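Protein sequence lines, in the order shown, are assigned to chains A and B.
Note that the working numbering numbers the first sequence so that position 28 is 28, with each residue one more than the last.
Note that the working numbering numbers the second sequence so that position 74 is 74, with each residue one more than the last.
Think of the hints as simulated: they come from the structure by calculation, not from any bench.
It is possible that some hints are incorrect.
Stated by the list, open to error - When the alpha-carbon atoms are kept at most 35 Å apart in a straight line, the in silico DSBU-like pairs for lysine-lysine are as follows:
1) A/14 / A/364
2) A/350 / B/27
3) A/153 / B/101
4) A/104 / A/350
Stated by the list, open to error - Restraint-style ranges between C-beta atoms, simulated for each label pair:
5) B/20 / A/305: 12 to 22 Å
6) A/340 / B/117: 42 to 52 Å
7) B/20 / A/285: 31 to 41 Å
8) A/340 / B/20: 18 to 28 Å
9) B/22 / A/304: 51 to 61 Å
10) A/78 / B/54: 40 to 50 Å
11) A/358 / B/41: 23 to 33 Å
12) A/83 / B/22: 51 to 61 Å
13) B/61 / A/305: 31 to 41 Å
14) B/91 / A/15: 28 to 38 Å
Being a predicted model, the structure only gives us computed values, none of them experimental.
Cβ atoms here follow ideal geometry from the backbone N, Cα and C, with glycine treated the same way.
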Amino acid sequence: MTTRIVELRRGILKKNDELAAGLRARYGAAGVLVLNLVSSPGTGKTQFLERTLRELKARGARVAALVGDLETDNDARRLAASGAPVRQINTHGICHLEAEMVSKHLEGWELGNLDYLFIENVGNLVCPSSYDLGERVRVVLLSVTEGEDKPLKYPTMFNSADAAVITKMDLAVPCGFDRDLALRNIQEIRPGMRVFETSAKTGAGMEEWLDYLAAQRGGRGPTELVAAPAQVSEEKQNPSAEAPNTKNEPSFRPHSGERVENHELDRASAALKPSHEQATPRFATPREAKEFLIEWIDSEARRVGAPLSEVERKMLYSSKKGWTLPDIADVQDAFERYHDPAEYEENMGKLIRGIRVSARNGAKEEYEAWTEAVRVLSREDHYLLELIAAAGGVRQPRGGRLGFWVAAVVFCGALVAIALWMNR
Amino acid sequence: MHELSIISSVVDSVIETLAAYPGARVKEVRLRVGALSAVIEDSLQFCYEIATEDTPLAGSKLVVNILPVVMHCEPCGADVEIASLQSFRCPRCGESVADLKQGRELEIDSIEIDEVEETV
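Construct all of the structure, not just a fragment, from the sequences and the given hints.
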């Protein structure tokens, strides 16, 4: 009998985190902004979301929602009244949503036909904070009836959120709500977080909230979204309706380089039928591009029957200056101990070449997605870019190995030439 | 509340790992849990006993290593430890901090096992 210590260094929720990373890559590629709404039961998430969906639709945006509850589809029915596609997730006792539940309930929905997808989590301010759903924005809600110290009582949730919404502001006075104290408490737990003071009943604060959503979606100002006229969809439904003023189109066309808004698609479609007209995906940040590329490499490894270990996968995130994983130092440590870098780089090269071949032979947008992601990532310094450059093909602008060797050869040649010239 | 599902994932992972060590007995499972990860150690311990029953992990010890919250403080240019979850301020300069460096970990660090000698 010998005692042995086996190092695992593995995320406990690894399965969820991997699925969430895949979802995030999908959302990013489809150009849909995904938000995860969390609060205690009774805060008014559903009513707030109902109003949000309605007003976004009025602005011409394409919206959908998933709503999590232990039982009943009451919330989904309420939200569906807005006319947006809505699906209920019943967790049957589980106190939070998980990435797998979300993924399952997205089946059959074409994300490329959406501008916004809202996920209303189970009413609970503890457990949902551990489960990434692949969302880009986590919104925590609290109502004026719950007490100003809610953020102090649930710091883990409030600290993990990107934005906070105070609901039922119309009841602030009768409830004796201390607004300053509530705002102070939020800032104490999550410094710098945006806070929206709203009332779904009176509509107060909704304008600011919707503008924030538009800005999060792609840096487009609210006016451009407002300009997307509802008549476009009506025209689609009813060909005899007045033709939309096509002269207005350029005003809500995204800036160059962004994907063209497919406003010609049928917005009123409740089923969000898959379309094969997926436009060029967009990556708002190098981080999104990086997650997209890594997810692809990871799935390619699974496809060829040699799945990456966690350390191998996490190594792909390495970067000196750009965004990387918080535990990357540990990962690199483990990598140095147990892996042969040359073998690893060769293996990654094979996977990247495999992806490139299948992307080239596959759908055009797949290949565009890959090159677009590489282009966005090239704004920063990333190890992944070196691997991609080493695999041949899309060249990175700086730090690439090929570039280095060419420069080295030219430099040496120049030295020799100068030496010869001086000796003459 | 979700500690049971977290512990169940731990047990699954350990059993998966044990496949490489036939006949081995688990003595200890060590977790790294960030102070901001929204799990309670007592609750983890309680669930561990239930979840390991009738598994190769039965009777083993669960060690939960709680990692403090570490934030980067821009004015100090340093990573600082946040002692209380009630106020995210730098203990040195009092400035608000939001750049999380550590505190949301939820990881299996390692396991200690008694291995059966291989007879060659």
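Hint check:
For the proposed pair residue 14 of chain A and residue 364 of chain A, the alpha carbon gap of about 32 Å is at most 35 Å, so the pair holds. Taken as a hint, the residue 350 of chain A and residue 27 of chain B pair is broken in the structure, with Cα atoms around 40 Å apart against an allowance of 35 Å. Between residue 153 of chain A and residue 101 of chain B, the direct Cα distance comes to roughly 22 Å. Compliance with the 35 Å bound is thereby established for this hinted pair. Proposed proximity of residue 104 of chain A and residue 350 of chain A is supported: the alpha carbons are some 31 Å apart, at most 35 Å.
As the Cβ distance of residue 20 of chain B to residue 305 of chain A is approximately 19 Å, the hint placing it in 12 to 22 Å holds. Distance hint for residue 340 of chain A and residue 117 of chain B: a CB-CB separation of about 29 Å, inconsistent with the stated range 42 to 52 Å. In this structure the hint that residue 20 of chain B and residue 285 of chain A lie 31 to 41 Å apart at CB holds, the actual value being about 39 Å. Between residue 340 of chain A and residue 20 of chain B, the C-beta spacing of about 20 Å keeps the proposed range 18 to 28 Å intact.
A beta carbon spacing of about 28 Å between residue 22 of chain B and residue 304 of chain A contradicts the range 51 to 61 Å that was offered as a hint. For the pair residue 78 of chain A and residue 54 of chain B, the beta carbons lie near 44 Å from each other, so the given range of 40 to 50 Å is met. Separated by about 46 Å at the C-beta atoms, residue 358 of chain A and residue 41 of chain B break the suggested range of 23 to 33 Å. Separated by about 59 Å at the C-beta atoms, residue 83 of chain A and residue 22 of chain B satisfy the suggested range of 51 to 61 Å.
Between residue 61 of chain B and residue 305 of chain A the Cβ separation comes to about 37 Å, which falls inside the hinted range of 31 to 41 Å. Between residue 91 of chain B and residue 15 of chain A the Cβ separation comes to about 36 Å, which falls inside the hinted range of 28 to 38 Å.
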